[in-house]
Amino acid sequence: MAIAKAERLMNLALCLLGTRRPLSKRELRDSIEAYVEAFGPGNGASGSDDSFNRMFERDKDDLRELGLVIETVESLDGEIGYMARRDSNRLPPITLDAEEAAALGLAAKVWQQARLAGAASGALQKLRAAGLPEDVDPYGSHGALEPRIPVHEAAFEPLMLACRDRRPVAFDYRKATAAHPEQRHVEPWALECWRGHWYLAGWDRDRGAERVFRLSRITGKVRSRGGRYTADVPDVVTVRETVASWAGEIADRSARIRLRAGAGYPLRAKATSVRELGDGWDELEIPYGHGLDAWLVEFGPDVVVLEPAELRADVVDRLRAVAKG
Amino acid sequence: MAGKPVRPVNAIDQTRRMLSLVTYLKERPGARVEDVARAFGISEDELVSDLDVLPMCGTSFRGGDLLDIDTDGERIWWHNPAALAAEAAEPLRLAADEATALLVAARAVSTLPGLRESDRQALLRATAKVETAAGEAAGASSRLSVTFESEGGVFADVDRAIAERRRLWIRYYSPARDEVTEREIDPIRLVSVGHTYVEAWCRRSEARRTFRLDRVAEIRILDEPSAPPEIELRDLSEALVQPAAEDPEVVVEVGPGGRWVAEYYPHDSADELPDGGLRITLRTPDPASLRRLALRLGRDGRIVSPPELADSARQAAREALSAYDGIEAERTARVAEAGARGPQTLHAVPDGPGDGPG
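Chains A and B, in that order, give the protein sequences.
Going by our numbering, the first sequence opens with residue 1, and the numbers climb by one from there.
Going by our numbering, the second sequence opens with residue 1, and the numbers climb by one from there.
It is possible that some hints are incorrect.
Said to hold, decoys possible - The list that follows gives simulated cross-link-like pairs (lysine to aspartate or glutamate, EDC-like), each with its CA atoms no further than 16 Å apart:
(1) 129/B x 99/A
(2) 324/A x 319/B
(3) 270/A x 214/B
(4) 324/A x 300/B
(5) 5/A x 33/A
(6) 270/A x 283/A
(7) 26/B x 90/B
(8) 324/A x 311/B
(9) 109/A x 146/A
Derived from the structure by calculation, the hints contain no laboratory data.
Please put together the full structure from these sequences, using the hints given.
Here it is in structure tokens:
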């Protein structure tokens, strides 16, 4: 049976961390049983060299993914050597008390995405090895709170990596009201989760402007594109404000409506004024932003729009469409 | 429903864990399996499988200095700790993904409005320390952010009621019926998945219910003790609201402008239509609650079945429209009184062809 990958990675890591001088590829190949078993000793000019080289490169990449800083050193006779220096790999001293440890313990559990859940527990384990106090009862000091960060979108992981590595991407995107997706070329800046949905902010190369994308509307695969960013990345990226304005949360006007007594609690909760009319109806003043017409129609005959005329016309239009059904 | 598949062994996660494990074990001869598993947040089985791999590892295979680590199932012994040079056994710096995962989560949790102030302070201190220790690796964490939302006052009361095991009285808004009802609930836990919810035993319906905090219109902590029956907690990775197989079926056809319905409603199927729309089949215990959806969709979609639901939406729209006739008349009268011309922008409400009963 082939030697498990974790065992091979572990041996490579320990060799690179334990050495005081750079080790050549051949030395590593001869020292690690998994390489010897798969490719034989590194002295023959065998055809397995290419496949060994490929595996070795992948393994180094995997260890870098874990945070290992591997240096490549060229010796006087031109041979390349590898080592993971103590200085560049040691966690700086960090002291956390029991309360802080418990708080981090809670935070490390919130991801519902495999890669980030793994990374968060990995971080905690590294801190544990560095002396992070163990919580006596992980829930004891936090009551019954169970925050979770949902990640249902397939596009999340590739976009997270692209944001991290500042890599341009291309994907097919279907706008909310479009029948067919359209290819977009984007320099991704940041991802933000708001009300349980993930959004991407970035530079849209085709439109030459900043854009916000909802991840659930990305269809198919996120593809990496080569090259550098062409637009400057702003210091602060605000996804939430853009999304809030889509959601009609940013209202610049107000509307006057009649609402049947007892109905429409959420409208009352948002109202700036409520006046009882006494005939089974109340009159409300409510903020008027994007999407208010669709929301008001949901209340059917319990809402009558008084003004502005534009909103009333929109609501009447929608009601007519349903009435004709 | 079938049980969850066993989590596959991820070589990267396991390597990451074993590297921390050797550092941890080096300083704790005879550590208990149970304690180590808890400290690392893994099962004892996972730990034992790590302990099976470690004796195959060392700084040099040829040199014969493999780690001599074994366990009797209770305690873990490392017979040659010198096999690992001090260099290879120091705590490792955080990787970019590790720093990101921990810091983004910590920042998100610290924004939860109901978090106890002492916990928030502890979390903020810890976050700052981790940022410093992570150094450059912390940089990428600004590219990811999460906001939890919840109603601060309601959250605090629910949290307190759970801690003190007391019953709650709430006035709760149900959008499906557009009504606010009073109920007494025995809270079990708070869950934040996008919105924040309290899972509770509802005394009115004698069933487990999930209440969204931003729909709680009013809340009071009662003196009675909370006594929820023993119920199995659900897996949070599932959607919070799962329709049941026996629930009635509703079929909705939407145009391109109504495709969002498939994003918001759990459904059985969504088939593409030639015009770029979708035919969506979903199930709900209470089809009447979807009247709101039918009204909201307007010309972007219609209910195909059940027919009673489609009728009730049409009926509601007609009734709503009739109110505008009244306003029109009122307005015209008022305007006429003032001696001005009638408003130009108002649409009259016609009786559409084929609109009558039949």
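Q: Of all the hints given earlier, name the ones this structure violates by number, lowest first.
A: Going through the list in order, the structure violates no hint and respects every one.
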